[in-house]
Structures are given as structure tokens and as C-alpha cells.
Amino acid sequence: MTRVSIIPASSSIPALSSLKPRQRGPGSIEALSSHLIALAEHHSCSPYTLIHQVLIPPSEQLSLRWRRVRFNESQLVNGYLDVAQYLSEAVMKCSHRTDITNLTLIGMQSFCDPVGKHVLRRVRPWCPECYREARAHDIQPWDPLYTYVTTTAVCVWHQVALRTECERCGRPQRFVPKLPFLDLCERCGADLAMQGSPPLRTGRTPNDELWFSRAAMHLIETLQSGVQLSAHNFAKNIQLLIDEHFGGNRQQFAKKLGVAGSGPKNWIDRGSHPSWASVADLGFRMEIPPAQLATADLPMTDPTYWRYANRLLLDAPHIRPAAETLDAAREALNSAIKMARANPTLLPESIEAVTKKAGVRRDLLKRHFPDEFATLAGLRSSAAKSLALRNAAERSERLASAMQDIATSGKMPTSHRLKLQSGIKISDLIPRRN
5 MTRVSIIPAS SSIPALSSLK PRQRGPGSIE ALSSHLIALA EHHSCSPYTL
55 IHQVLIPPSE QLSLRWRRVR FNESQLVNGY LDVAQYLSEA VMKCSHRTDI
105 TNLTLIGMQS FCDPVGKHVL RRVRPWCPEC YREARAHDIQ PWDPLYTYVT
155 TTAVCVWHQV ALRTECERCG RPQRFVPKLP FLDLCERCGA DLAMQGSPPL
205 RTGRTPNDEL WFSRAAMHLI ETLQSGVQLS AHNFAKNIQL LIDEHFGGNR
255 QQFAKKLGVA GSGPKNWIDR GSHPSWASVA DLGFRMEIPP AQLATADLPM
305 TDPTYWRYAN RLLLDAPHIR PAAETLDAAR EALNSAIKMA RANPTLLPES
355 IEAVTKKAGV RRDLLKRHFP DEFATLAGLR SSAAKSLALR NAAERSERLA
405 SAMQDIATSG KMPTSHRLKL QSGIKISDLI PRRN
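Following the numbering used here from start to finish, the sequence shown increments by one per residue and tops out at 438.
Keep in mind that the hints are not guaranteed to be accurate.
In silico lysine-lysine, DSS-like type, Cα no more than 25 Å apart, as pairs [said to hold, decoys possible]:
| no. | residue 1 | residue 2 |
| --- | --- | --- |
| 1 | LYS121 | LYS269 |
| 2 | LYS260 | LYS240 |
| 3 | LYS389 | LYS269 |
| 4 | LYS269 | LYS342 |
| 5 | LYS240 | LYS24 |
| 6 | LYS389 | LYS370 |
| 7 | LYS269 | LYS259 |
| 8 | LYS24 | LYS97 |
Calculated from the structure, these hints are not laboratory results. All of these numbers come straight from a predicted model, not from anything done at the bench.
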């Protein structure tokens, strides 16, 4: 393939408007990253040439956010933060198309968590059968936006599980690869369309997985229709549902549905933005499309069809752990702190080692034991600084002794001779940064 650089002569490029985003029914529009790859293939250039030489002005080409998009955060192209907003505006400006924002999740800024990295998958999923079907119709393979949502694991049209890694090399795929082909493995060049579909995740039924896939499609359809979604509407609707079906008792609401008891408190009292996983989980239990929970109108629901105390936990990090788990974590933390204070000259146990010993996550320690967490981190930082000072002093002594020995022998003090005769490492000769 010839790699060309397209330099726009004006603010608009009519050629970019010749290719329309693909769509297969309501809520199944193409993702922006997939559309950019189709545009790059249509103009015989790499996706990064299209992005960096056409869509991004020269004044911002060295910005770190575009470097993140190229390497490990290319999913942000399809999200609702500044990267998605900037790229969609750039494509609209160059192509004079007004529907580009529909290819992203723009519209969820005031609804879900402001970090914006937990709505979309970090690696690109795909349906091999969709790729084969596109080839049969002489269409370049493309990805619908709903398949990129974290809660989607099944293709709605073929009802098979989505792949997330190459069958040959076992490596994941980026949303924006080097070459403008979604159906070729970026690592080994394998044909992704001819690979099989993986089994469903354990503990899930096909109907449950299809429910979440259709919920993601309904979310995108709601955003396309211009309906405003907000955390304020979500908190208001949750409070109305609690008042109507549980007499205003939040604990009974959480206990019956099996959700975290801190959820309603954070959403209603503190105004916290929910994660999409927790919204989808709650909608699944109450048999309500998750997007309807964040609209201005109260969703209609029948408690007869609710999934009470269902064990499907999509938002496990927000579930309060058992008392035994907290006791084990506290004991592991206190033990590490005690050992660190008893041996101040030794490097204390790391936080990762404590989490592994207690069988918990790092964020659980930080959230439930902030004082102990900060104490252990401070002790480890102080011990690391003391160890670095001792190592520097020992390094200086070794180097001075070695230089004196070689000077006595009358030989040239080369790095090779220092290493052989006096045990000096090459790293000892490199000046250290302060």
C-alpha cells in the first residue's frame, strides 16, 4: 500500500463526504474509529496519516492526547471526552456532514462518570460472521458502535460471542490499527473474519447477553434521537422508583434487587455520576432499558418481572466486600506496617504484595483503610529514599577504591578494567539524576 499524505487546500475536503457511515437498523450505526479506517482505505492512506495530516492542525500534532490515541487509548475516539468531540468536529468540518457525532457516545457527558474510560472496551471486539457477511456483499468490514460498549458481549444479528483477541497469536486488536483493515490481525496478519467465535462468559445465558447488547443499541438510538441523559434525571428516577415500590426505603430497595447499598446514597445524596456498568446492571434487574433511567420521564416498569437478588454483578468493584474479607485486608495491612516499623532499614512489603496476600484489590484497601494505606505508602517511600542514599554512598566508595587500585597498578582506568578487576558495574559509572 502506498502511504500518502493528504494536505487540505481549504477548510473542507469534498472527497471525505463521499463515504457515508454505515448503519444496520436503529442503534447499530458505525463507530467513528471504524469510519475513519474506511475513509483511510478509500483514500489509500494509513489511518494515522488521515488523522495527523488532515484532521489535526499542525499546532496540535505533538499533543500527548493524540499519542495516547495512537498507542493505548484509541477507544477514546468513540467516547464522549475531548478526543471524541475534537475528532468528530474535525470530520464534520472537513466533510460538511452533520451526523458524525452519532458515531460516538457524545451526549453522555452529564450522565456517566466524568473519566469516560469505563464505558468502552479497551481492546477492540469484533464479530467474525459480520466480517464474512460484509465480504459476501462486497463491503469493507466495519464495526457497529454498540459492540464497543463494555456490557456488550454478543452480536445481536448472529447471536454469537464477540472475539477480543486473534485466534492465531492471541493478541488483542487496537481500535485504530496501522493499516486501514479491520479484518486483518495487526500483529501476525491473520484473517480475523475466518476465525471462530469464542464461548460465552461463564455464568451468563444467551438471553442475558442479548439483553445487554440490545440495551447498548437502545442507548445509542436514544443519543441519536437527541434525548438528554443526565445524572440528575437518573437520581430523580431512582428516588421515584424507591418511593413507589419500596415506600422510600433505600435499604429494602438495595436488598431486594441485590445492588450495593451505597449506590442509591451516592447517586441521590452526593450527586455522583454512575458508571455505565452499574446502570446496565440496575436496568437488567428492573427490566428497564438502562438509557430510560436517565431521561426526564419516569420509566414504566412492572415489579412482577424484576430479577430480584440476581447474581449477575457487572459492577463488582462497587459491591461492599464481606466482613471477613475486610478483616483479612486490615490484618495484612497492619502486619506490613508493623514489620516496616520494626525494620526501618529494609524496604517494606509493597501494596501489591499486601493485596495478593489478602486476596483483594488495591482500590479496596485505599477506600476502606485510607489511613493504613497512606501509612504503609509513606513508610515504603521513606525506606526507598534511605536505600537509594545508602546505595549511592556504597557506589561512591566502590568506585573510589577501584580507581585507587587501578592507579596503583599503573593501568588506564577503563570501564572494562573497572568491571573485571574491582567488581564495578557499568551502571556505577553513569551519573545519577537527582
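Structure versus earlier hints, numbers of those that do not hold, lowest first: Numbers 3, 4 and 5 - these are the hints that the structure violates, sorted from lowest upward.
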